[in-house]
Amino acid sequence: MKKAKRSSIASTEMKIFPYVMIAPNLLIFLIFIAVPAVFGLVYSLTDWGGIGELNFIGFANYAELFTDRRFWISMRQTFLYAIISLPLIMVVSLLLATLLVKSIHGRGFFRAVFYWPSMISYIVVGLLFQFIFGDSTGIINYLLSTMGLPEVTWFTNSITAMAVVVLATVWSRTGFYMVTFISGLQSIDDTYYEAAEVDGASPMRKFFSITLPLLKPTMFLVMILSFIDLFKQYGLVITMTNGGPAGATKFAVQYIYEEAFQKFRLGYASALSMVTMLILAILTLLQFKLNNGGAIDD
Amino acid sequence: MKRTTTSRRVLALGLSAALAAALLGGCGGSPAEENAAAENSGDATAETSSNAEPVEMDLIWWTDGNETAVMQSLIDEYEALHPNITINLQEIAFEDLTTKLQMSIAGGESPAMSRCVETTISQLSDAMVDFNDYVDGEALKEEYLDSVDYLYLAGDQIAAIPTEVTANGMIYNKTAFEAAGVEVPTGEDDIWTWDEFKQALQKVVDSGAVKYGMVIDNPSHRWATILYEFGGSLANEQGGNLSSPESLNAINYTKELFDEGLAVSSIWLSGEDPNNLFRSGEVAVHIAGTWMVQNYDENIQDFEWGVTYMPIGTTRSSVPGGKSITAFKGTGCEQEAVDFITWVTAQEQNARYCQECLFVSPRVDNANIEYPVRSEEFAVFANELANTTPAASFDLSMPGYTTIAYTALQDLWPEVLAGKLTPEEMAAEIDAQTNEYMQENGYLN
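Protein sequence lines correspond, in order, to chains A and B. For what it's worth, this note's numbering labels the leading residue of the first sequence as 48, then goes sequentially. For what it's worth, this note's numbering labels the leading residue of the second sequence as 870, then goes sequentially.
Chain A on its own, in the form it takes in the complex (with noise of 0.2 Å):
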């Protein structure tokens, strides 16, 4: 009798542990994401300014930003980021983890070359490369005049500085990501390569036949996260170009911003921020649907 009972207490105690284990996460979640998406809601049906009182002007921020033709450009350009990094960035720290994952001389080294930027702000990402590839006061040009070559125009040139700022990001995310690919190599149980091997399979075979179906979860895992990531992408480009050349740099969060807080229209940019995390989550799960939820096919 009294085991039973005991055993009823730990059965009740196995089903609160979940929940008392997330509670933090949870109201984490609820103070800094869900509260505040709640005001955005709200906000984003006013004319905030940012101080005084609310008044409510139902849809018309809704209404005016579906023609606001400069938004659209920002999130077009966003999507074009978006697009040419995410492969980039993906293949990249593949690459570099499929070759650190083997035991190799100085190993530990390059992981950590490799992954020291990703420790690195995005701020000073951009001040970085603003210094490397800046117009006039960039080493690079400086080092083009200085053998007589003409200087290329890295920010002023909206193709240039799109190629700038894709190179910045690749360059700082891809060590985070190695780690992700390397830690999902590891899981990978080798009596499948041993396998392969006495089937006489090529390293190349084993690569597209073994490594990469087994890392599909791996890989959904990491192309979510930088996709979301790339989405939000704000103090990388404010730094190296300001959004610049005339808005060809200029994503959709640094718009949301700048009429927030130089136009001091916050109810409207809230109305912006309510729609891009809409276009997120249904990008987002478009992607958990078309990838069967990073599932390893059977």
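Everything labelled a hint here was simulated from the structure, so no lab data went into it. Among the hints, erroneous ones may be present.
[To be verified] A few chain B positions that, by computed beta-carbon distances, are all more than 12 Å from chain A:
| # | residue |
| --- | --- |
| 1 | Asp1002 |
| 2 | Gly1024 |
| 3 | Glu1047 |
| 4 | Thr1062 |
| 5 | Glu1141 |
| 6 | Asn1237 |
| 7 | Asn1252 |
| 8 | Pro1259 |
[Claimed, not checked] Here chain A is said to cover these stretches of chain B; the calculated rule only asks that three of the stretch's residues, wherever they fall, bring their Cβ under 8 Å from a Cβ of chain A:
| # | region |
| --- | --- |
| 9 | 1142 to 1148 |
| 10 | 1285 to 1291 |
[Said to hold, decoys possible] Cβ pair distances, simulated, as ranges:
| # | chain 1 | residue 1 | chain 2 | residue 2 | range |
| --- | --- | --- | --- | --- | --- |
| 11 | A | Lys310 | B | Ala1255 | 27 to 37 Å |
| 12 | B | Gly1130 | A | Leu73 | 53 to 63 Å |
| 13 | A | Lys263 | B | Asp965 | 36 to 46 Å |
Each residue gets a CB set at the ideal place from its N, CA and C atoms; glycine is no exception.
Go by the hints and put chain B onto chain A.
Here is chain B on its own, set in the frame of chain A:
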């Protein structure tokens, strides 16, 4: 026993809440009522402060040169006179000023005081104290030049007290001009026309003395100097005026400077720093203002520089600007903040501040400050300011308008330079915004 524990908990919670409230407020210490008997001048509070509760206040600040050090020394002096007062000078980037203030105000955590510019006042005046409630407003206004009213007044409200006025003007690389054999205007009689200026600049660049012709800080306040000199303006009594032939001439002339490579486009297109570029010695001219004198005086060692007269269009003009200090409502230490501000902007303190920072004073009684260095350069800036066209005053006189117009110019000028927008399209778009503002605020019938 249980009751005692509960009481202790309640007491602990209460004390924690009180401590948190004290820490989170814009200032800590005594409420304003304790000093209610004090007179409005700094000296009057000095008499009462020895018995007063400690008060700690934040002053939000940014710097273009050595203002932080000078203001800190004035604060130290004030704290010595008022042992109960502690002022924390919090330095932030100018770009973050309005955002930080707005967020603080919205969160109910306004700082006690802040340095500000005219746009800060037009945006946040509702949250600022009205100095009329603390001092004799009419007497205070008498102490300042009429031309700086827009710097600190929001309608009838005295929202701040000015500390310095600025004038836009032309700083040039003297070494480069001399090396190229190009003479700059030395008096009002031989001022360049804008075409002559362009030729002179081209000659300096062609000589190889510098790599770039000129840098203009931004396409808004600084560019407006060219706009006014061409006889244009952002607005007039009829509404938006950027589509007028005079304004379009100014836009087209500026665009030519960039198209011909004389002006550095990366400043406007991708946010490169014009100050660093001029300091590198690779640029012939920097269109900036008085606030750069101290900075360049201290930091440029490799070449000689000077200030010359802005070229003349249909008229001459500068664009006045300036800074002030304000106090915020709801901090619990408004009286103490006002006391400090009135003290630090009083004649003696302001003269010291302007002298050491190399600023022009907005006070009538500090009109003849003698500067330890660069008095020649200040004479040119003063002359520019004296020749400011009334069109500039009209634009600046509408509270909050320049924020709208300047933000639009900053957004749209890069599109014009990149060829995505014609000058006419930019002018029409900004005029539409101007008309909307003027209509809403009763400037148009």
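Status of the hints after comparison with the structure:
1. Asp1002: Given a closest Cβ separation of 19 Å, the condition holds.
2. Gly1024: Holds, because the least Cβ-Cβ distance between B:Gly1024 and chain A comes to about 16 Å, which exceeds 12 Å.
3. Glu1047: Correct as stated: the minimum Cβ-Cβ distance to chain A is 23 Å, above 12 Å.
4. Thr1062: Answer for B:Thr1062: holds, closest chain A Cβ roughly 28 Å.
5. Glu1141: Its Cβ does come within 12 Å of chain A, the nearest being 6 Å, so this is violated.
6. Asn1237: holds, 39 Å
7. Asn1252: holds, 31 Å
8. Pro1259: holds, 28 Å
9. 1142 to 1148: As far as the region 1142 to 1148 of chain B goes, the hint holds, because 3 residues have Cβ atoms under 8 Å from chain A.
10. 1285 to 1291: holds (count 3)
11. A:Lys310 <-> B:Ala1255: 27 to 37 Å: Holds, at about 34 Å.
12. B:Gly1130 <-> A:Leu73: 53 to 63 Å: Taking Cβ atoms as reference, B:Gly1130 and A:Leu73 lie about 58 Å apart, which means the hint holds.
13. A:Lys263 <-> B:Asp965: 36 to 46 Å: holds, 43 Å
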